[in-house]
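Peer 1: Those protein sequences? They're chains Z and A, same order as listed.
First residue of the first sequence: 1, per this note's numbering; consecutive thereafter.
First residue of the second sequence: 1, per this note's numbering; consecutive thereafter.
These aren't lab readings, by the way, just hints derived from the structure by calculation.
Computed from a predicted model, the values in this text were never measured in an experiment.
Careful: at least some of the hints might be erroneous.
[As the list claims (entries may be wrong)] Per the computed footprint, the stretches of chain A lying under chain Z, defined by three or more beta-carbons under 8 Å from a beta-carbon of chain Z, are: (1) 11 to 23; (2) 34 to 46; (3) 94 to 100; (4) 107 to 114; (5) 136 to 148.
[Claimed, not checked] Computed list of chain A residues with no C-beta within reach of chain Z, every gap over 12 Å: (6) 7; (7) 55; (8) 72; (9) 157.
[Unchecked claim] Distance condition first, Cα-Cα at most 27 Å in a straight line; then the derived DSS-like pairs of lysine-lysine: (10) Z/187 <-> A/63; (11) Z/113 <-> Z/82; (12) A/63 <-> Z/303; (13) A/13 <-> Z/303; (14) Z/83 <-> Z/60; (15) Z/47 <-> Z/83; (16) Z/303 <-> A/45; (17) Z/187 <-> A/13; (18) A/120 <-> Z/303.
Quick reminder that beta carbons are idealized off the backbone N, C-alpha and C, glycines included.
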Amino acid sequence: MNNSAQTQSIDPALYATATEAIRAEAKRVLEAGTVAAVVGWQAGRRKGSALPAIVTDPTKADTLVFSPACVNNLALYLTKAKKEIRQKGRLAIVVKGCDLRALVGLMGENQLKREELHIIGVVCPGVQGRGEATMAAKCRECAVHTPEGTDVTVGSLPDLPRFTPVESEELARLEAMTPAERWAFWKEHFARCIRCYACRQLCPFCYCEQCLCDRNRPQAVETTPRPAGNMAWHIVRAMHLAGRCAGCAECERACPMDIPLNLLNRKMAKELKELYGHEAGFEVQEKGPLAQYREDDDQSFIK
Amino acid sequence: MHGHKEKHAFEPKIVAFVCTWCTYAGADLAGTSRLQYPANTRVVKFPCTGRIDPVFILRAFQKGADGVLVSGCHPGDCHYMAGNFHARRRFAAFRQLLDFIGVDLNRLQFSWVSAAEGGKWVEVVTELTERVRAMGPMPEFRELEAEECWSGAIDTPELKEAYETIP
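Model the full structure from these sequences, guided by the hints.
Peer 2: The structure is reproduced here in structure tokens:
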């Protein structure tokens, strides 16, 4: 067990090799003209930071990097919400294991076609969470270090220690509470929400052209950042992602108010796995668990 | 004919989302059969349970419902073939989410009531009404409705002092 999970403890040479391989592959596909652009990460201005990049010129392929700072889920850039990128033509995308799950989910929802993508998978030992040196909570219990079913996979996996699964522990702690305690927990968290919708903007699955929560007449969810509307927004958000969310935890990373949003996603994923044996993002499925049914589904809760 | 009407200290508000083909007809049958049941239920008619969005349930609670009943056709009897099957999965997930948020699931009831089951409708409604009555009013969502994020905190001594110093 390793409680103080650090990304620094991972050999920097691993990231350097992955970076080299990504650059070489990006250069190759761009020069061959099989793709119009490569979606990847480039170094940020601040040392040890990274940001999403779209490279169209083979000579610029050397700007791509892979480092513990490559936290963004790039699958977002292929959704309907970012139309201008899709228009460029066939695309290559660099994905970590968790990002690939989102891509697979999007393919299942007919948002992407596998043949229109060149997927460069990168074996990811983990990326940083809040605070530069610590490893993100999702990476501590990652089961998809090595992306499967990509066109190319680069990098290699070091021997990782077993990290403390902080998120599972928190989930178990909440589940053990009484409903009133849970209500108090979430009420406190949601009261802080400023409704910036960063969680929605970053989510690869929030690609609806008009969100239910932006509609009035009839208004489903109050738009003012008041506790009532906040609670409704987060419930609706969790419900709309149930069975679709692939657990990239971008919502939680982007939240400026530190609301533990991934707990809701994790909980819904867990319930749907228990109820219908469904796990999002491992294979392209035409229909999610809430879009299909079996005649013998459990109905013990219905009188 | 009319039974003795009991006076209660608390009359819960119950919203019933029902499908027009089965439960609404079932409730109608209860009425035409002159069956007595508590008048706390407000029935909202939908074409199918598949049309009932979880947001409606949320909205009912926010606007002051103490209990919510969702009722439709028995599996296999749906007028639209599969609406209630889809609804069943959706509500199975939704009630788990509400439970995780901290809503007492005793306030939320799902049932299948066919057009021939006037008696079952009476039974379901009476049971839910009595259960919610025993639980008392549902304060959670209503308190949220009344709350402002900044109320109270806007009146801190530091802020007042800062305000006073504005020339």
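Peer 1: With the threshold set at 27 Å, check whether the alpha-carbon distance from residue 113 of chain Z to residue 82 of chain Z stays at or below it.
Peer 2: holds (16 Å)
Peer 1: How about the stretch 34 to 46 of chain A: do at least three of its residues have a C-beta closer than 8 Å to a C-beta of chain Z?
Peer 2: violated (count 0)
Peer 1: Minimum Cβ separation between residue 157 of chain A and chain Z greater than 12 Å?
Peer 2: Since the minimum Cβ distance to chain Z is about 22 Å, residue 157 of chain A lies beyond 12 Å and the statement holds.
Peer 1: Taking the closest pair, is the beta carbon of residue 55 of chain A still more than 12 Å from chain Z?
Peer 2: violated (5 Å)
Peer 1: Quickly compare the C-alpha distance for residue 303 of chain Z and residue 45 of chain A to 27 Å and report which way the hint goes.
Peer 2: OK: residue 303 of chain Z and residue 45 of chain A at ~19 Å, within 27 Å.
Peer 1: Any Cβ of chain Z at or closer than 12 Å to residue 7 of chain A, or is the non-interface label fine?
Peer 2: Label holds. Min Cβ-Cβ 28 Å, cutoff 12 Å.
Peer 1: Given the proposed pairing of residue 187 of chain Z with residue 13 of chain A, does the C-alpha separation stay at or below 27 Å?
Peer 2: holds (23 Å)
Peer 1: Does the alpha-carbon distance linking residue 187 of chain Z and residue 63 of chain A stay inside the 27 Å limit?
Peer 2: Roughly 17 Å between the alpha carbons, so the hint for residue 187 of chain Z and residue 63 of chain A holds.
Peer 1: Next pair to validate is residue 13 of chain A with residue 303 of chain Z; report whether the Cα-Cα distance is within 27 Å.
Peer 2: Holds, at about 20 Å.
Peer 1: Are there at least three residues in the stretch 11 to 23 of chain A whose beta carbon sits under 8 Å from a beta carbon of chain Z?
Peer 2: Violated: only 0 residues of the stretch 11 to 23 of chain A have a Cβ under 8 Å from chain Z.
Peer 1: Count residues of the stretch 94 to 100 of chain A with a Cβ under 8 Å from any Cβ of chain Z, then say if the count reaches three.
Peer 2: holds (count 7)
Peer 1: Given the hint that residue 120 of chain A pairs with residue 303 of chain Z, test it: the Cα-Cα distance must not exceed 27 Å.
Peer 2: Roughly 10 Å separates the two Cα atoms, so the pair holds.
In terms of the numbered hints stated before, the structure departs from hints 1, 2, 7, 8, 15, listed from lowest to highest.
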